[in-house]
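Build the full structure now, drawing on both the sequences and the hints.
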Amino acid sequence: QCKCHGVSGSCEAKTCWKALPSLLEVGAKLKLKHRDAEEAKPVPVGRKTKLLPSTARFNKDDLVYTVKSPDYCVFDPSSGSAGTKGR
1 QCKCHGVSGS CEAKTCWKAL PSLLEVGAKL KLKHRDAEEA KPVPVGRKTK
51 LLPSTARFNK DDLVYTVKSP DYCVFDPSSG SAGTKGR
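In terms of this note's numbering, the sequence shown opens at residue 1 and continues consecutively.
Think of the hints as simulated: they come from the structure by calculation, not from any bench.
Hints should not be assumed to be uniformly reliable.
Each computed DMTMM-like pair below joins lysine to aspartate or glutamate, with the alpha-carbon atoms no more than 25 Å apart [to be verified]:
| no. | residue 1 | residue 2 |
| --- | --- | --- |
| 1 | K60 | D76 |
| 2 | K60 | E38 |
| 3 | K31 | D71 |
| 4 | K41 | D61 |
| 5 | K41 | E25 |
In structure tokens form, the structure reads like this:
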């Protein structure tokens, strides 16, 4: 971002700085990453554990998960979800 300084809006001096993206931009990117998230299976390799993609290879910038999120719209006594049916 930059700001001009000068008489009557003239840009005699310009001050620029690095700025974080807006919360709206960050939220939109996170929403896309969440939608396209890849499931990864933890597999022991020697004394370490490696995450292997369940379908295609993923990049370092991809969002990956090892446990699926529960669907709170569906009745599930194991997670304590009563679901949303009949509301």
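Structure-based check of each hint:
1. K60 <-> D76: 34 Å, violated
2. K60 <-> E38: 12 Å, holds
3. K31 <-> D71: Roughly 17 Å separates the two Cα atoms, so the pair holds.
4. K41 <-> D61: 17 Å, holds
5. K41 <-> E25: Violated, at roughly 30 Å.
Hints 1, 5, counting from the list given before, are not met by this structure.
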